[in-house]
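Asker: Protein chains in written order, with the numbering used here: chain L, 264 to 517; chain R, 673 to 1018; chain H, 865 to 1192.
Just so you know, these hints were derived from the structure itself, not from any lab. Just so it is clear, CB atoms sit at the ideal spot from N, CA and C, and this is done for glycine as well. Fair warning: there could be bad hints in the mix.
Stated by the list, open to error - Straight-line alpha carbon distances no greater than 30 Å define the calculated DSS-like cross-link-like pairs of lysine-lysine that follow:
id	chain 1	residue 1	chain 2	residue 2
1	R	Lys904	L	Lys389
2	R	Lys904	L	Lys454
3	H	Lys938	H	Lys1176
4	R	Lys772	H	Lys944
5	R	Lys772	L	Lys377
6	L	Lys311	R	Lys772
7	L	Lys389	L	Lys306
8	L	Lys430	L	Lys311
What the hints assert, rightly or not - Covered stretches of chain R, going by a simulated chain H footprint (3 or more residues, C-beta under 8 Å):
id	region
9	710 to 724
10	752 to 759
11	783 to 797
12	814 to 828
13	839 to 852
14	933 to 941
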Amino acid sequence: MSALFEAHNLSRRFGRVQALDHAEFDVGAGEVVALIGDNGAGKSTLVKALTGNLDIDEGEILFEGSPIHFTTPHDASEVGIEVVHQDLALAPHLDSAENMFLGRELMRPGILGKLGFMDNSAMRQKAAVAFSELGSAVRSVVVPVGAMSGGQKQSVAIARSVAWANKVLFLDEPTAALGVVQTKNVLETIKKVRDRGLAVVLISHSMPHVLEVADRVQVLRLGRRVATYRAADTSVEELVGAMTGALDKKEGAA
Amino acid sequence: MTTTSTPPQTIETTASHDGLLERIKSMQSVWILGVLVVIVAVFGALSPTTFLTAGNITNIAQNVSIWAVLAVGMTFVIITSGIDLSVGSVLVVSSVVAAKSMDAMGGQGWSTALIGLVLAVIVGLGWGILNGFLVAKAKVPPLIVTLGTLSVALGIAQIITGGLDIRAAPDVLQDNIGYGRLAGIPAITIIALIVVVVGGIVLHRTRFGRYTYAIGSNEVSARRVGINVDRKLIQIYALSGLLAGFAGILSLAQYGTTTIAGQSLTNLNVIAAVVIGGTSIFGGQGSMFGSMVGLFIPAVLQSGFVIIGVSPYWQTVAVGTILIAAVYVDQQRRAAATRGKGVSTA
Amino acid sequence: MRNTITLTALAAGASLALAACSTGAPSDDGTAPAAGGDGNKEIAFVQGVAGDEFYITMECGIKEKAAELGYTVKTQGPQKFDPTLQKPIVDSVTASKPAALLVAPTDVEAMQAPLEQAAQAGIKVVLVDTTVNDPSFAVSQISSDNVGGGAAAFEAIKAAKPAGGKVLVISTDPGVSTVDARVKGFEDAVKADTSFSYLGVQYSHNDPATAANLVSAALQKDPDIVGIFATNLFAAEGSATGVRQAGGEDITIVGFDAGPNQIKALEAGTVQALVAQQPSTIGSDGVEQADAALSGGSVTPTIQTGFTIITKENLSGEGGDAAYKSSC
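Using the sequences and the accompanying hints, generate a full structural model.
Answerer: Here it is in structure tokens:
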């Protein structure tokens, strides 16, 4: 599978800390890649560097085979790359449809749209369709997000990103604060997104979740990719070993 | 690859928000509307021949008109979790500039009045942009910014006039706007109503309004989705200033003088009204309808107390009590909502 | 009655003509429609500001006279001396249709239309203390002769400093007609007396600290100031502070009005004399005029009331009686 989105030799230094040290990364369309690593391994830095939130010192990023440079997150959005942040970045007083379309409102046709009038019913319909397609736990698009459960909020955030990401979706710890049922729901959603042909990048601490949903697992340690596994061929023990360095494997086997 | 079969979902898409009546029902302000109805009923019962007369009701409406115009801007500002203490002073300085210019031009006709109107609005807009710029770009807290401009604007009004009120509103302004009537309704009330309705539509139906809520609800998320928060904030404070300038010309029309020493409690009264009406000072929540209900409560209380002859001190006690009660209920609802009880807090 | 200068309306008229400012001209009293119905014995009193001793004393005078003549009184007042707050109150009073309205307007222009509306509704309007631009709708206007009050203040300084010298006025804000008239009266009286020289008026904006700064600065320039006329309590307190700050000695400060705080200031020696208005008389005269208008008697369009000068010496006697009350 040729990589849809890849990075080579990424380095970034913060003062004396080498946050990224010639890191490699790649993800293909219709694939879930999990990024794992201990705290401080460089996961967040790598995601920021890949999505226009952070400049890199050296290295190159390729999108659909050609070099690309993002100066702002907006640049990444333009080509179809979205991030679901850990804090979700939802407006609690707005309902899920309003959140989903925030910043990209559908306007009424004609003069009313020009005057700034929004097409609320169209947005609600589309939001409802998006939620049911993703098998989301959201039951109403007109209830404020602040009144929803953690899982529902997560699925609103994912649905919002999916609605605008047509190439790559990054998910930062999407299951960190969720219960069993809600987690299952989010993982199902991730699979559905992948089945649409998107590249999904999952950052997670939870090995069982990673193994359940990911196609490949990339392990980061000390700012570089130390191993890549096919999820089907690996185990929690092996992943933990790679993360901690107990089991140093030559990278690139997968 | 087959998708795991999901049970057909029914997602609510047309809830209570759609009908105006339903919308009002779902709002924070619904219980406060009940309070207003009770107050009106009590005074109506105590003093049916004087309180519930068309004359008295028109007077109340006329007396809240200027505050209503200010409350429109204030509602936007408070929904962003901001505050604008400067509205009273901006009103005064705008009316001073307008009165001074109209006085210099002479003439009692519409052309003079129109120039006064334009000047008042421009002056108000200028102060609003200054407030917005300091809040959004200089990152000074809105309480401090507008406390400062409250003082500066009033000072400038006093410098321009030497502290002497200018009593020079063109006759057309006073006769037609200040005390004119259309089908028995005071012209100033009709004008205020138009401003309120337009303000309500902008707040509840347009993208500008949506962004106002988004900024107050979660500024970080608003920035993440690409909303130019700084520019929106400047626009919102500018709107508040512009309306204060417009209120300045209305005040000139109603009082015939620049009321430099007056308008002393205007900012607090307007803020109290907006908050009583269910707009949260923490932002993200509020409605234009609520602000209007909140505006009428103190006005109706005062009128009722005067008519039945209750000491003026009790009015302040009553309004203060309602203010605290309103915010208390607001907090309770908020707590219920964050516990995930699904309370509808539109 | 050595210290009491009671100016009659006639004398006031003379000084009015001299001053050529102050209250508006008396009016023809034929424009108001017929009286507010038989049997209505209710009088409304709208103060300039609620909780002020001057207006409370006036209210006492009103209530006393009203009880005597068989009227009931309802009193209302805004939280601040502010027409934007007073107008809604007047509107509501108009809606409640009392037989007569005694009102102290807070602005000559802004209160014009609301009070005209009250008069058009058949309510007999009596203006007390302050007035409006065109008071022709009112049956009567009763106020202190403020020009005379200013002159009285000068008499008090002259009594304490017969040798003469430099005198200064610390006022509040320009544009308040009654205060301007007091200043005018004082100024005219000083200028008529060659042994005194007038240093002009400074505005303290109702802030004692500003008054203190103004006075200490004035004393830097003219250390030989003998007397200061402070047109209200804050101005008086600030003036006293300013005198102390600048190390000034033996300067006579004359204050205006005689509320409990002013009396305390007099007792403490902060001020040496007070020019007291007669709010109680204004009130009772107001009721009399309203009654006359309602019962078809003869109405006096303009009445000016006099002053009492209070010093430490007469505080136990007539001076004490002239002090304002904080409750009836």
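Asker: All the hints need checking, so say for each whether the structure fits it.
Answerer: Evaluation of the provided hints:
The hinted pair formed by Lys904/R and Lys389/L meets the criterion: a straight-line CA distance of about 27 Å does not exceed 30 Å. About 38 Å separates the Cα atoms of Lys904/R and Lys454/L, which puts this hinted pair outside 30 Å; it is violated. The straight-line distance between the Cα atoms of Lys938/H and Lys1176/H is roughly 36 Å, outside the 30 Å bound, and the hint therefore fails. Pair hint Lys772/R plus Lys944/H holds up; C-alpha atoms about 26 Å apart against a cutoff of 30 Å.
Only pairs whose Cα atoms come within 30 Å are accepted, and Lys772/R paired with Lys377/L is rejected, the gap being roughly 38 Å. With a C-alpha separation of about 57 Å, the suggested pairing of Lys311/L with Lys772/R is violated against the 30 Å cut-off. Taking the CA atoms of Lys389/L and Lys306/L, the gap is near 33 Å; set against the 30 Å cutoff, the hint is violated. At roughly 17 Å between alpha-carbon atoms, Lys430/L and Lys311/L fall within 30 Å of each other, so this suggested pair holds.
Check result for the region 710 to 724 of chain R against chain H: holds, 3 residues qualifying (beta carbon to beta carbon below 8 Å, three or more required). Closer than 8 Å: that is the beta-carbon criterion, and the region 752 to 759 of chain R has 0 residues meeting it against chain H, so the requirement of 3 is violated. Under a criterion of three residues with beta carbons nearer than 8 Å to beta carbons of chain H, the stated coverage of the region 783 to 797 of chain R fails, only 0 such residues being counted. Look at the region 814 to 828 of chain R against chain H: 0 of its residues bring a Cβ nearer than 8 Å to a Cβ of that chain, fewer than three, so the hint is violated.
Counting residues of the region 839 to 852 of chain R whose C-beta lies closer than 8 Å to any C-beta of chain H gives 4; at least three are required, and the coverage claim holds. Here's how the region 933 to 941 of chain R fares: 6 of its residues keep a CB closer than 8 Å to some CB of chain H, so the rule of at least three is met and the hint holds.
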